[in-house]
Amino acid sequence: MSTTTATPELKTEKSGNDVFRWLKLHIELLPTIAAVVIFVAMIAYGQIAYGGILQANTVSNLLINNAHLIILAVGLTFVILTGGIDLSVGAVIAFTSVLGVILMNQGWNPWLALGLMIVIGAAFGAVSGILIQYFNVQPFIATLAMMFLARGLASMLSTVPERLADDSPFLVLAENFKIIDGPKVNDLIITPGVIIAIIVVVAGFFVLHRTRLGRTVYAIGGSEQSAKLMGLPVAKTKLAIYIISGTLAGVASAIYTARLGSAQNITGIGWELDAIAATVIGGTLLTGGAGFVLGSVVGALVLGLMNVLITRDGGIPPEATTIITGGILLVFVLLQRGVLAKKRE
Amino acid sequence: MTASVPIIEMKGISISFPGVKALDNVDFTLYPGEVHTLMGENGAGKSTLIKALTGVYAIDEGEIRVLGETRRLSGTADAQDAGISTVYQEVNLCSNLSIGENVMLGHETRGPFGINWKATHAAASEALQKLGLGHLDPRLPLSTLSLAVQQLVAISRSMVTKSKVLILDEPTSSLDAVEVEQLFRVMRNLRDQGVAILFVSHFLDQVYAISDRLTVLRNGQFVGEYMTAELDRSALISKMIGKDIASLRSLDSERARKDHPHDEAPVYAATGLSRRGSVEETDLQLHAGEVVGFAGLLGSGRTELARLIYGADKPDTGSVAMRGETVDVKNPAIALSKRIAFSSENRRDEGIIRDLSVRENLILGVQAKRGWARPLPRKEVEAIVSKYLVELGVRPADPDRPIRNLSGGNQQKVLLGRWLATKPEVLILDEPTRGIDVGAKADIQEQVAALADEGVAVVFISSELDEVVRLSDRIVVMKDHRKIAEIVNGPDVTAESIVTTIAEEGVTADSTPQGAHS
Chain X
1 MSTTTATPEL KTEKSGNDVF RWLKLHIELL PTIAAVVIFV AMIAYGQIAY
51 GGILQANTVS NLLINNAHLI ILAVGLTFVI LTGGIDLSVG AVIAFTSVLG
101 VILMNQGWNP WLALGLMIVI GAAFGAVSGI LIQYFNVQPF IATLAMMFLA
151 RGLASMLSTV PERLADDSPF LVLAENFKII DGPKVNDLII TPGVIIAIIV
201 VVAGFFVLHR TRLGRTVYAI GGSEQSAKLM GLPVAKTKLA IYIISGTLAG
251 VASAIYTARL GSAQNITGIG WELDAIAATV IGGTLLTGGA GFVLGSVVGA
301 LVLGLMNVLI TRDGGIPPEA TTIITGGILL VFVLLQRGVL AKKRE
Chain R
346 MTASVPIIEM KGISISFPGV KALDNVDFTL YPGEVHTLMG ENGAGKSTLI
396 KALTGVYAID EGEIRVLGET RRLSGTADAQ DAGISTVYQE VNLCSNLSIG
446 ENVMLGHETR GPFGINWKAT HAAASEALQK LGLGHLDPRL PLSTLSLAVQ
496 QLVAISRSMV TKSKVLILDE PTSSLDAVEV EQLFRVMRNL RDQGVAILFV
546 SHFLDQVYAI SDRLTVLRNG QFVGEYMTAE LDRSALISKM IGKDIASLRS
596 LDSERARKDH PHDEAPVYAA TGLSRRGSVE ETDLQLHAGE VVGFAGLLGS
646 GRTELARLIY GADKPDTGSV AMRGETVDVK NPAIALSKRI AFSSENRRDE
696 GIIRDLSVRE NLILGVQAKR GWARPLPRKE VEAIVSKYLV ELGVRPADPD
746 RPIRNLSGGN QQKVLLGRWL ATKPEVLILD EPTRGIDVGA KADIQEQVAA
796 LADEGVAVVF ISSELDEVVR LSDRIVVMKD HRKIAEIVNG PDVTAESIVT
846 TIAEEGVTAD STPQGAHS
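So the protein sequences, as listed, match chains X and R. Numbered per the working numbering, the first sequence spans residues 1 to 345. Numbered per the working numbering, the second sequence spans residues 346 to 863.
Source of the hints: derived by calculation from the structure; they are not laboratory data. Do not rely on the hints blindly, as some may be mistaken.
To be verified - Quick partial rundown of chain R residues pointing at chain X, CB under 7 Å, derived from the structure: (1) Leu418; (2) Thr421; (3) Gly459; (4) Ile460; (5) Ile829.
For each residue, glycine too, the CB sits at the ideal point set by N, CA and C.
Given these sequences and hints, build the entire structure.
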């Protein structure tokens, strides 16, 4: 009896070891895998408990409503990979959004206004980067200052909601294009905003994994000192990532403004933290050096799906959203700690 | 060798930092196909010279020529472009990336779709192959490699840039003997291919095993350039520490050897104390009323051993008994409670608290021993302060003055007082007389002798060998992170005989590395 049962047991143990060995070599993937698992589990739970999650319109809405968050998360992935942080993106969205709408309502060409929104975002990033790289200011403080500055400028422009004219060509960014015309309202819909978000994700992935700039970002996160001593362009790269983050804040601002059709100075409060949470949940180490853009996308979708599930449930007060976000974030940070401790062994 | 053209010529290099002249009119010449060692104690200016060469520091005066052309390099990247690669003591690679990427960072093979990883890894394999590391899979994480192999991976970066000059700044300090031999094989191989290697090491045996020529620096000044084969070890050491052998001979032991009843249990006895990369297994006994000197070059492991005794670094192996009773000194708090005190060689950063007053600095040790929850009563504070200010002759004797305003010698007296106030049974003084004036020095030496007479076991560490010989009853000689000898002081013990001990150790017993080279 013992001989017959022992053989299959041995085999499973061996294949388990292989998986374990693979994981040990790619341990930095673990948090990202965990995020994907949680995402899938949330979909499964939602589908079973409430139904209607795995259908075209829910998926479309998830993407449309979170396109701006995905874009912000891509920008923050760059920053956090170097071990930095950018707290200014939410406020930059408020400022560029209010400014853009006011200019368009005054008769500016909407595409010129869009360009200006993105350039201003980039400029905020550039100032943060210069403060951090050349004046040795902590990223936290430099971008905090930029956050207050941008928020203040937005409030100087206007403190009431600024509505975009209903016929503004700018709104095309949020126009619905039916890909699949399903029964009733169950259509697969896509907007130019979603397409831009997808392009940003793909571009982010390409830059991080296939360019020297991207590899330098990882090297800085691994050890800035080493990166310098290896002769990598550390200063230029650090400046570049804050500009990338600011630029993407400008892009996210345009997409969100078009979707809402209005702008207000209090828009985007706490979005930088949502984006940071998405990045961290997606497996990027806050200390830098490890993480993936695609992970951050999953992280953003986890946060978005959580809101959907809470709405569907009806029993959970919406106020509890942040508690749940906090809980998930805590679990993931603890997971990262565990991974780091394992790596040090 | 003299026939060939130097690849690097540095002439009259001077660099000043605020308050200190780090390099003063230093010359250095490096030829292709040689291993040239830069020798000198810590702080002699070796690292500064390397940083001047690679452009990390700007030079105030002098000229750097690379292949006969005057160049001012502006940093690591620029130096790399000029064909100069540097590998530092601490492995400067990114452990979050793959082996191949670490080799190729900044030089990845690129195609129309960005970096071509297949070609990049192939190029990395090729570079690793040249160092005999062809068996490594470049796609594996760097963190899977031992420190020694990581060091070789760092060197293989220079293969990618086809460097003509390779600077190795203490690459061996954390390697074991086998790993060092592997590194040396690679170095000889590169040298034979015409690469010029600038090597820095504290280990005399390694220097003699690998280098063709030596340049000696002392206190930022150029002492001389010698062929390794023509300079024996004693001569090299005396050039490094700046005393010629004749003058070392004239110094005699002044402290009469006292008879210690060594039959009683030692206050402190360590067996097999070690810590990887800093001290090899060492036995040590300290007796009450005895001054034990630690002699050895800077970087020989004497400070490291002191830190192990105090628990400032945690030993990997070894057991400690105090008065026959086993104790585990794993941190300074335990050391203090066992009445072991340690005054660091780094007076500014690990000794005084600059912005606190003399009084506050003085009572720090006693207060730490009591625990911070129980502040010392005012009366006791004043008693301690007035006692030690007078006893040690601190000038000015003003307890309210911030300690940063005192001279180095007086700061050192306050530090001595801080530890004396804890009533230690074992007192470790690491370089208590460095950088202080003659008067203060004499005061402190007197105190050390007086403390021993009162029954304290004193460990006295100093770079000045004559001082160690004068004060110590017993001298522990350290070299290459090992205790190589223990000498009971007597009339025949001189600074020179200790230098000879350091120089000759290992030569007779282990002559293979030298033979292999010549």
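Interface hint for Ile829 of chain R, Cβ within 7 Å of any Cβ on chain X: violated (34 Å)
Interface restraint verdict for Gly459 of chain R against chain X (beta-carbon cut-off 7 Å): holds (3 Å)
Under 7 Å is the threshold here; is the Cβ of Ile460 of chain R close enough to any Cβ of chain X for the hint to stand? OK, holds: Ile460 of chain R within 7 Å of chain X, min 5 Å.
Hint validity - Leu418 of chain R Cβ closer than 7 Å to any chain X Cβ: Violated: closest Cβ of chain X sits about 11 Å from Leu418 of chain R, beyond 7 Å.
Given Thr421 of chain R as an interface hint, is its Cβ closer than 7 Å to any Cβ of chain X? holds (4 Å)
Checked against the numbered hints given earlier, the structure breaks hints 1 and 5 and satisfies all the rest.
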